[in-house]
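> Once you've looked at the hints, dock chain L against the given chain W.
Residue-level listing of the chains:
Protein chains: 2
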Amino acid sequence: MAVDQKKQPRDDEQLEKMRHSAAHVMAEAVQSIFPDAKFGIGPAIENGFYYDFELPRPLTPEDLPIIEARMKEIVASDVPFTTQSVTKEEARRLFATQPYKLELVDDIDGDSVGLYRQGSFVDLCRGPHVSSTGEIKAFRLVNTAGAYWRGEENRPMLQRIYGVAFDNEEALAEHLNRIEEAARRDHRKMGRELDLFSIHEEAGQGLVHWHPRGAVIRRVIEDFWKDEHTKRGYSLVYTPHIAKVNLWQTSGHWEFYRDNMYSPMEVEGQEYVVKPMNCLGHILMYKTKLHSYRELPLRYAELGTVYRFERSGVLHGLSRVRGFTQDDAHIFCRFDQLKDEVVGVLDLALFMINTFGFTNYQMLLSTRPEKYAGELKVWDEATETLKQALAESGIAYEIDPGEGVFYGPKIDIKFEDAVGRGWQGPTIQVDFNLPQRFDVTYAGEDGQEHPVAMVHRTVLGSMERFLASLIEHYGGAFPVWLAPVQVALLPIADRHMDYAYQLAEALKKDWIRVEVDARSERINQKIRQAQLDKTPYMLIVGDKEVATNTVSVRLRSGEQASDQPLERFMESIRVAIVDKARDLRL
Amino acid sequence: MAVDQKKQPRDDEQLEKMRHSAAHVMAEAVQSIFPDAKFGIGPAIENGFYYDFELPRPLTPEDLPIIEARMKEIVASDVPFTTQSVTKEEARRLFATQPYKLELVDDIDGDSVGLYRQGSFVDLCRGPHVSSTGEIKAFRLVNTAGAYWRGEENRPMLQRIYGVAFDNEEALAEHLNRIEEAARRDHRKMGRELDLFSIHEEAGQGLVHWHPRGAVIRRVIEDFWKDEHTKRGYSLVYTPHIAKVNLWQTSGHWEFYRDNMYSPMEVEGQEYVVKPMNCLGHILMYKTKLHSYRELPLRYAELGTVYRFERSGVLHGLSRVRGFTQDDAHIFCRFDQLKDEVVGVLDLALFMINTFGFTNYQMLLSTRPEKYAGELKVWDEATETLKQALAESGIAYEIDPGEGVFYGPKIDIKFEDAVGRGWQGPTIQVDFNLPQRFDVTYAGEDGQEHPVAMVHRTVLGSMERFLASLIEHYGGAFPVWLAPVQVALLPIADRHMDYAYQLAEALKKDWIRVEVDARSERINQKIRQAQLDKTPYMLIVGDKEVATNTVSVRLRSGEQASDQPLERFMESIRVAIVDKARDLRL
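So the sequences go chain by chain: W and L.
In terms of our numbering, the first sequence is numbered consecutively and its last residue is 600.
In terms of our numbering, the second sequence is numbered consecutively and its last residue is 600.
Treat the hints with care, since some could be wrong.
Pairs involving identical chains hold if they fit within one copy or between any two copies, as the list cannot separate such chains.
Taking lysine-lysine pairs in the DSS-like style, the calculated list, with each CA pair at most 30 Å apart, reads [stated by the list, open to error]: (1) 385 / 31; (2) 548 / 428; (3) 245 / 523; (4) 522 / 245; (5) 522 / 301; (6) 558 / 203; (7) 52 / 301; (8) 428 / 86; (9) 301 / 151; (10) 522 / 391; (11) 523 / 353; (12) 428 / 301; (13) 240 / 548; (14) 240 / 523; (15) 245 / 548; (16) 303 / 203; (17) 523 / 52; (18) 540 / 301; (19) 428 / 245; (20) 522 / 303; (21) 102 / 86; (22) 353 / 522.
Just so you know, these hints were derived from the structure itself, not from any lab.
Quick caveat, the model's predicted, so the values are computed rather than measured.
Chain W with its partners taken away, still in its complex shape (with noise of 0.2 Å):
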């Protein structure tokens, strides 16, 4: 899934706190112009601020310009923060006609709670804020949503109404103009409109069918990443979608994850689910023989399709669905082997990001939380290895501590796409858990069998959502070797047309992927149309290129190229895919 969330250096608590005030004001303001309104909570976030509302009416895009208004007035007034300490007793006369106000209460622990008051209005806070509101910036209200009381679907559904602010209206313009340039790349318009993929309430929520121009991505990435893997020593395997129940019951899953597994299915008085996760089917093939030392690291990797439940309520497009496909791998090695076997992944997930144009990216290492299963000693050791194929690699990183997963450390890398927006990307996860549970050993030096160390990994995370950030960091312009179509064949006339399809043979048989436009269009409707589609490269074919035999070439940047022999074009496309450029040039 996206992530929005990053860790926010200490200098911007004053902007917290300013935004923690910004929410107050909109309350004040709300409550002037709905004065029967009942308050949930409005905390601080990321870029801004929330309030969720109880309200008469639901409220209409009209609507946030007027309180944003009443807000700015409140601002100018520059009326004080202030703060005080009250029994609970109090507090509850205060609120008396607040019910969500009046739960707070209740559950704080202690006699006494915090108020924050500006002017005339009241709130349950425990603070800090700005001293005054006139120290609010440049702030704006962006859009409402539905939010349950608490988060709870059986509590009431309160409106949430979202604001930016910043320490100046530049920051804040930026943001916004980042927000809607966001918004035009958005994957699951953009899946719409360059035709790639579509979702169906008819087939279920949160699964994905990859139209033919989506495929073909998924088909180019698929081949590079065998590729790429074979070349590093991983082979390929298949395991089946389904497996017995017994088997996540040995592996622990169906106590720790059964509520994002689905429900099981019965066959022949067995019960069977669909897998949530690939690693049991490679535990089951490693175990068909004994290995030794010698053989090891073994490497099974899979393009792995699983199914997780999610609440409907949280799907989003491609980036968060109940169907994706893995780009899995399960390494099975020796303890003295862990540390290059992570050193390997780590150069391999790096060089993946990397080739689809991702150059930022935030590395984390989650350590041992509270609950785990191992040994502490394996876990420190284990912990410590990491770190030291980190410094290794070269690789800044930060530690999340306790953020590991129950079963052993890992590392997480979350990648950034052009306009700022944080991706989950890559995971190393090393596991104690499943090879213990699966008995999983290999032959010693010493002749003993010896638990292996496993790790899993992906190095894109899902198809699913890697097509969905390479779509919004391209903004659907991707780079010629990922584009569904290549070359667009524009023919001026129809008289144009078996040239061009002439073209298209032999674009063809170097694998190109070129489509002919041959509607009985202008050719600004047909160029217009390569536009739209963001097609790399338009070919534009009339007398002259028939006459001469040579195509013209225009870029979806609108520069264009005098006349060339197609040998010539041919070369140039075939360079910049191999070299799987980034910009196009003539």
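For chain L alone, coordinates are given in the frame of chain W:
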């Protein structure tokens, strides 16, 4: 699944009579050894006969020669087969101690039943039989199996003895050799020996795990398949493995095909099932927009993994499974395009099976069954269209009357492997049902919406069954383009290891699949292993090769070539791979 039954030509009638008579003689022999035997039925089958018995003890392989010897005495005594018709009353007296025969008597319509008698043995039988036991020629009892009375699981389990019978000893010997060869090539046995795949009781029967070496073969096949389909104007797509039950209710599968579908899973109050076929996802994608007549045909191709319930008793290695990947495609076209589309699929299908080395096949056109969907006129036209397509393709075919699917006529291709075993291969099915149920249309030249003609087709069948056929066809000695390991590098001593790895790297750069046998074994042992693995090429590397910077090539056939530069060997293996050559040459 493997198809063992072929239509027998009429001159096999005599052979069939003889096999049926052999079953009676076997029953007489069994009765003479087990006087209390209860008799089930004993028909002629392809290549031989069987009879089902209830016996006081389980048969062992040692029993068969004894029964066979007794049969030979009966044949040598040359007693006539005589027939008579008796009332059911008489038959019931005659079979008073034979409960299964009594049940058969009850089930026969009319008042009289037919008997056949040889010597003292009398059986309930309509015949026909040969005139005397002496006419029974070469036969052999081959094995025993359990068989439920009338094939019903809640009825008693009887013991079935299978025999084979032919006109002469040569034909019998040839057949037995073929059985033996087939057993040697059994894909379940070879799959283990060559480490290609496994099926795990823990994960569930009929669910195939493709090991690295099997997965390599699958990837080669899939890449070839995808490229060939792309060349021929198909678009690859991907669809999910689960979908709402509703969708299958609309299609009619839930009504007509439910026994072969898995039980539903519940997700947020909606029922989902794992898909038994890929068509519905393709239809949903097609319907995301209204297609013009100019856009057709659209050909959506998918390597789609489907799950179908089969009773555990009928599961068999890779050839009958519960989860399999169909090399599926659905063609949406106008009716006036149907013939050309079928011609195209026939060409592709024969090209595919031919490329994989299958040259003998049988083509069947299955026509309208008694229960059918759609209009009679459309059926007749479509059937005529299939005939025209076959005629235009110059392909001989037989008609299988009434064996079409309820939704349309179809063409099936059964191909034969090297030991004469038949395999269900490509299938081409016209479908009148789904386009109607899902209202799948296109915008015609007249501006109106018209129903599309829809074709379901596979050209290999499934990845699983096709791999089974390949294994048995080649006895595991795959052509070099399919071989999981193409070159085994065999260093004679440890001091040749570096050179071996150096050669391996050079070969891998060219995507040649190489393994270095780095074990501390004698060279003969290494050759033996490569031979067992059926690796096409071995490169033996010793002092001479290191000194002269050459390789010494050995084929799995044992043929050897003198030392040559690596480049020369690479050139010849490259040619063999590109040509998809079946035979290896030096």
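> How would you label the pair residue 522, residue 391 (within, between, both, or neither) given a Cα cut-off of 30 Å?
So residue 522 and residue 391 fail the 30 Å test inside a copy (59 Å) and across (41 Å) alike.
> Indicate which option fits the pair residue 245, residue 523 if close means a Cα-Cα distance not exceeding 30 Å: within, between, both or neither.
both (26 Å within a copy, 9 Å between copies)
> Pop the pair residue 353 and residue 522 into one bin, within, between, both or neither, using alpha-carbon distances up to 30 Å.
between (45 Å within a copy, 26 Å between copies)
> From the Cα coordinates, with 30 Å as the cut-off, is the pair residue 385 and residue 31 best called within, between, both, or neither?
neither (34 Å within a copy, 74 Å between copies)
> At most 30 Å between alpha carbons: which applies to residue 548 and residue 428, within, between, both or neither?
Result: close within a single copy only, 27 Å intra versus 46 Å inter.
> Go through the copies and call it for residue 102 and residue 86: within, between, both or neither, with a Cα cutoff of 30 Å.
Neither, since 33 Å and 104 Å both go past 30 Å.
> Within a copy, between copies, both or neither: which one fits residue 523 and residue 353 at a CA-CA cutoff of 30 Å?
between (45 Å within a copy, 26 Å between copies)
> Is it within, between, both or neither when you check residue 540 against residue 301 at 30 Å Cα-Cα?
Between copies only: 25 Å across chains, 58 Å inside a chain, cut-off 30 Å.
> One pair to classify: residue 303 and residue 203, alpha carbons no more than 30 Å apart. Within, between, both, or neither?
Result: close only across copies, 15 Å inter versus 49 Å intra.
> Using 30 Å as the alpha carbon limit, work out where residue 301 and residue 151 are close: within a copy, between copies, both or neither.
neither (63 Å within a copy, 50 Å between copies)
> Please work out whether the CA atoms of residue 522 and residue 301 approach to 30 Å or closer within one copy, between two copies, in both situations, or in neither?
between (45 Å within a copy, 28 Å between copies)
> Checking an output row: residue 245 and residue 548, CA cutoff 30 Å. Within, between, both or neither?
between (32 Å within a copy, 23 Å between copies)
Hint compliance for this structure: hints 1, 6, 7, 8, 9, 10, 12, 17, 21 are broken, all remaining hints hold.
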